[in-house]
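Participant: Got chain A sorted already, so can you dock chain B onto it with the hints?
For the record, the sequence lines run as chains A and B.
Mind the numbering: the first sequence is residues 9 to 458 in my numbering, read in order.
Mind the numbering: the second sequence is residues 9 to 458 in my numbering, read in order.
It cannot be assumed that every hint is accurate.
Stated by the list, open to error - Computed list of lysine-lysine pairs in DSBU-like fashion (alpha-carbon distance at most 30 Å, straight line):
(1) B:159 x A:200
(2) B:116 x B:54
(3) A:282 x B:355
(4) A:290 x B:355
(5) B:54 x A:231
(6) A:355 x B:54
(7) B:282 x A:355
(8) A:200 x B:64
(9) A:29 x B:194
(10) B:29 x A:200
(11) A:159 x B:200
(12) A:64 x B:194
(13) B:290 x A:355
(14) A:135 x B:231
(15) A:200 x B:194
(16) A:54 x A:116
(17) B:231 x A:231
(18) B:159 x B:200
(19) A:231 x B:64
(20) A:231 x B:29
(21) B:64 x A:194
(22) B:231 x A:64
(23) A:282 x B:231
(24) B:231 x A:29
(25) A:159 x B:159
(26) A:278 x A:116
(27) B:135 x B:120
(28) B:200 x A:64
(29) B:194 x A:159
(30) A:54 x B:355
(31) A:120 x A:64
(32) A:355 x B:278
(33) A:194 x B:29
(34) A:278 x B:355
(35) B:278 x A:231
(36) A:194 x B:200
(37) B:159 x A:64
(38) B:116 x B:135
Just so you know, these hints were derived from the structure itself, not from any lab.
There are 2 protein chains.
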Amino acid sequence: METRKFDDQVLLELIDRRNFKQLRQALDGMNEVDVATFIEQLPREKMAVVFRTLPKTMAADVFSNLEPESQQIIIDAITDQELSIIIDDLFVDDAVDMLEELPANVVKRVLKNAAPDTRQLINQFLKYPENSAGSIMTAEFTDLRATMTVKEAISHIRRTGQERETIYTCYVIDSARHLEGVTTVKDLLLAKDDELVANLMDTDVIAVHTMDDQEEVVHILSKYDFLALPVVDHESRLVGIITIDDAIDVMEQETTEDFEKMGGMIPSEKPYLKTGVVELAKNRIVWLLVLMISGLITGGILGRFEETLAAMPILVTFVTMLTGTGGNAGSQSSTLIIRGLATGEIKTSDLFAVLWKELRVSTVIGLILAAANYLRVVIMYPGQSAVALVVAVTMFFVIVMAKTIGGMLPIVTQALGADPALMAAPLLTTVVDAAALLVYFAVAFALLPI
Amino acid sequence: METRKFDDQVLLELIDRRNFKQLRQALDGMNEVDVATFIEQLPREKMAVVFRTLPKTMAADVFSNLEPESQQIIIDAITDQELSIIIDDLFVDDAVDMLEELPANVVKRVLKNAAPDTRQLINQFLKYPENSAGSIMTAEFTDLRATMTVKEAISHIRRTGQERETIYTCYVIDSARHLEGVTTVKDLLLAKDDELVANLMDTDVIAVHTMDDQEEVVHILSKYDFLALPVVDHESRLVGIITIDDAIDVMEQETTEDFEKMGGMIPSEKPYLKTGVVELAKNRIVWLLVLMISGLITGGILGRFEETLAAMPILVTFVTMLTGTGGNAGSQSSTLIIRGLATGEIKTSDLFAVLWKELRVSTVIGLILAAANYLRVVIMYPGQSAVALVVAVTMFFVIVMAKTIGGMLPIVTQALGADPALMAAPLLTTVVDAAALLVYFAVAFALLPI
Chain A
9 METRKFDDQV LLELIDRRNF KQLRQALDGM NEVDVATFIE QLPREKMAVV FRTLPKTMAA
69 DVFSNLEPES QQIIIDAITD QELSIIIDDL FVDDAVDMLE ELPANVVKRV LKNAAPDTRQ
129 LINQFLKYPE NSAGSIMTAE FTDLRATMTV KEAISHIRRT GQERETIYTC YVIDSARHLE
189 GVTTVKDLLL AKDDELVANL MDTDVIAVHT MDDQEEVVHI LSKYDFLALP VVDHESRLVG
249 IITIDDAIDV MEQETTEDFE KMGGMIPSEK PYLKTGVVEL AKNRIVWLLV LMISGLITGG
309 ILGRFEETLA AMPILVTFVT MLTGTGGNAG SQSSTLIIRG LATGEIKTSD LFAVLWKELR
369 VSTVIGLILA AANYLRVVIM YPGQSAVALV VAVTMFFVIV MAKTIGGMLP IVTQALGADP
429 ALMAAPLLTT VVDAAALLVY FAVAFALLPI
Chain B
9 METRKFDDQV LLELIDRRNF KQLRQALDGM NEVDVATFIE QLPREKMAVV FRTLPKTMAA
69 DVFSNLEPES QQIIIDAITD QELSIIIDDL FVDDAVDMLE ELPANVVKRV LKNAAPDTRQ
129 LINQFLKYPE NSAGSIMTAE FTDLRATMTV KEAISHIRRT GQERETIYTC YVIDSARHLE
189 GVTTVKDLLL AKDDELVANL MDTDVIAVHT MDDQEEVVHI LSKYDFLALP VVDHESRLVG
249 IITIDDAIDV MEQETTEDFE KMGGMIPSEK PYLKTGVVEL AKNRIVWLLV LMISGLITGG
309 ILGRFEETLA AMPILVTFVT MLTGTGGNAG SQSSTLIIRG LATGEIKTSD LFAVLWKELR
369 VSTVIGLILA AANYLRVVIM YPGQSAVALV VAVTMFFVIV MAKTIGGMLP IVTQALGADP
429 ALMAAPLLTT VVDAAALLVY FAVAFALLPI
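Pulled out of the complex, with its shape left as it was, chain A reads as follows (with noise of 0.2 Å):
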């Protein structure tokens, strides 16, 4: 349930009739997500219009809620000083996103439009490794000293707070900007207005560092319910903010990468229907490649029994659903602790207590599938109760295999410091294929008059 006041209809006829000013005020009663949806819309030539339209005090926030492509439709067409004034608006960390996606050429003329001090930062963020802390911080926190009255911070925040990205976590530093404690605004105005800052500030702040990975943020956001997470440097100084807005898109991006890995495919940033066709079959074929490196060795492998399948063309039928079950039996088990590892249920520590607890499921699931397929085969080819027998026996093994290599082989692959989701799908289909295989002729030759 999302109410909008003027649809879009409404909006474009403003637009033909070139009725600015009743557009404005439109424009000023709507959300600024939704302004820039709407300017998403338009053809390339009404965008700057629109843009141009808006209040000062919407443009920036329109602006960084834009595209990248969006967003250079518009630099193109506004004047310098207009690019000047929404550059030094913008938030540190909205600047930074824009400008890694720009080309060259605009990112220079954005820079050259920045104020010194906004240019000199812009420039020091984006120096920071992708997808670390620094690389997703903003520079617009709210700071407050130790010495200050309750009554003092307030009149801080209220004289400061234009400028920030929040104003709700309160950050204590001291003279050399080392983090001291951390209170927030709720904590101030429910105390009294000669409290101390400092008898009211929590000191065991939990902070990250600049160099750390943006899902640890992320992580410990969402574990500890804050607002935002101070950031500080090698020497314990407060250089940066992440809010948990920021902290939710990183969590989204990185669950839609952990979704492409397991899905056979090289993560990318672009949403799908952006994505042009040679760039998502690119991210496709390098593992469908490597997966069919998998069927090479299971091709193999049934190329050396050609003779056995000859003799007994019956066995021929159980191929697939072998090494299919066992390869949906592998990525149930996998799927369940490569998510694990991802929200941090699951450690490596955990190795054991996972094969443990797969070898005890595999065993009852193995046992259940076993005796399902016996009575099938049985049922369905009368007088093949050795092949219903060969069929059952291998299903077990089959199972218990998948579901112990499925569980340890994320672990594992963590511990290598290698990433679960990108390495478990591929290994485990082409090791549980081929040992399935070699599992089903194994026990065909031991049961079988072959």
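Facilitator: Same frame as chain A, but now just chain B:
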């Protein structure tokens, strides 16, 4: 980088020496989440001892961060009076979360010891259906009147803020509790003291209905970067709010469920390491049995062509590679589309855009894989260039078919009101495997002298 002044060892020694005064001081300086984590690790009989040592101001916060099993241990160990204080200090959403997990007799004792109005509120909240906005909202919001001045509003917040889950987003309601507007503590603090709330509030309020799905709540909070979202009843009266930290929990839980469904399991809300063997086996066996039907179908097709395979045994060699690559290609597409549907980036109306994109991507990939396979078979099996052609042509058609089906199936499933993550994987495997084999034999009959 997280700092803790007292490590667990120090705290455990304080417990052993029964030095409760110092223990209380140490716990007082810690974050509530860390205290809860510490209590979880203790043996059963020490949990309540440590919990009772906590300062009164922390008790409810720590309690709400405990797992249901630990909450029950503590409830069983404390007096009715202690219980009554904690229940009234809990936010309604945390109390409801807990009661949904506890056994009936414990729920009875908890409700008996709650104050009458708390009990009434809890009972009302327990009635909202699972996964609805009502089921995750809380009643402790900050409400203002449009006629208040900024000064009056701030003093109202300072008076009542202690019991609110958040004070940062304030909701303006009329005498019938209809939602009129929304403002923030930031806007209030930055405004002049005699300004009216009416002039400050944003009347373009974005709200959800109590019966809306919790996923809708997550989408809106994430889209607009809000810290809280108001929930209204069928008469547009404000009945609760959902804060960003609760939305993040929902987000993580829904993502885990999507991973479980796409991995072919019945989703479970319990963490992996805390789920029993039988329950894990039960969650997994259903889909393995369903997926075996897929094996049955492909097995049946292979059985029908037993004679062909016996006449040309080399054909068996490529069966698993073709079905496997088809499955992988299809699940690449379905993974991207399912995730896009979950984040709201792809809508059911994009069906034809997806179809057109997948057709083109699969043509590119199909041609490359066909060429690679032709070369490989020609090189590895000299004199079998006709077979190489069969494999290459089949590969092309299998890729195009797998990717278009993989792209469209999730959208069609969603359009029919079913869950794409749940339905796509098993259906896709079954259809693609069977179709791949039929295409393989059709191409073989057309091109080979069988």
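Participant: Against the structure shown, which of the earlier numbered hints fail to hold, in ascending order?
Facilitator: Checked against the structure, no hint fails, so every one of them is satisfied.
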